[in-house]
Amino acid sequence: MQKTDRSEIVKLSADLFRAKGFRATTMADIARATGLLKGSVYHHFPSKDAILIEVLDTSLNTFEASVFSLAYKGGRPKSG
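Just so we're on the same page, our numbering is the position in the sequence shown counted from 1, plus 8.
Worth flagging that the hints you see were computed from the coordinates, not collected in a lab. Hints are supplied without guarantee of correctness; some may be wrong.
[What the hints assert, rightly or not] Quick list of the computed label-pair ranges, beta carbon to beta carbon:
no., residue 1, residue 2, range
1, 77, 55, 17 to 23 Å
2, 45, 76, 35 to 41 Å
3, 55, 80, 34 to 40 Å
4, 43, 66, 30 to 36 Å
5, 31, 80, 26 to 32 Å
6, 61, 32, 24 to 30 Å
7, 23, 72, 19 to 25 Å
8, 80, 35, 27 to 33 Å
9, 51, 78, 36 to 42 Å
[To be verified] Simulated pairs of lysine-lysine, DSSO-like, Cα-Cα distance not exceeding 27 Å:
no., residue 1, residue 2
10, 81, 56
11, 56, 46
12, 81, 46
13, 46, 28
14, 81, 28
Built from N, CA and C at the ideal position, the CB exists for glycine as well.
Hey, can you work out the whole structure from these sequences and the hints?
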């Protein structure tokens, strides 16, 4: 069994949620995709909802970084 960290669980869970939908994805699916036992997934996250929150938070942070990178490209915008 490989060593899988939280970020890998989040990434693979996001892929599953996109492919199967949140409701149709089970913790067993997530465990299988990550190569972990279900209990090990629960060690990192108390529930599938907690994984979804982390997926959404990660997606929002990535989106914000992209937007701000574009907005401030070449320096900060001038006010006024």
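Results for each hint:
no., hint, verdict
1, 77 x 55: 17 to 23 Å, "violated (33 Å)"
2, 45 x 76: 35 to 41 Å, "holds (39 Å)"
3, 55 x 80: 34 to 40 Å, "holds (37 Å)"
4, 43 x 66: 30 to 36 Å, "violated (20 Å)"
5, 31 x 80: 26 to 32 Å, "violated (39 Å)"
6, 61 x 32: 24 to 30 Å, "violated (18 Å)"
7, 23 x 72: 19 to 25 Å, "holds (21 Å)"
8, 80 x 35: 27 to 33 Å, "violated (40 Å)"
9, 51 x 78: 36 to 42 Å, "holds (38 Å)"
10, 81 x 56, "violated (37 Å)"
11, 56 x 46, "holds (11 Å)"
12, 81 x 46, "violated (44 Å)"
13, 46 x 28, "holds (18 Å)"
14, 81 x 28, "violated (37 Å)"
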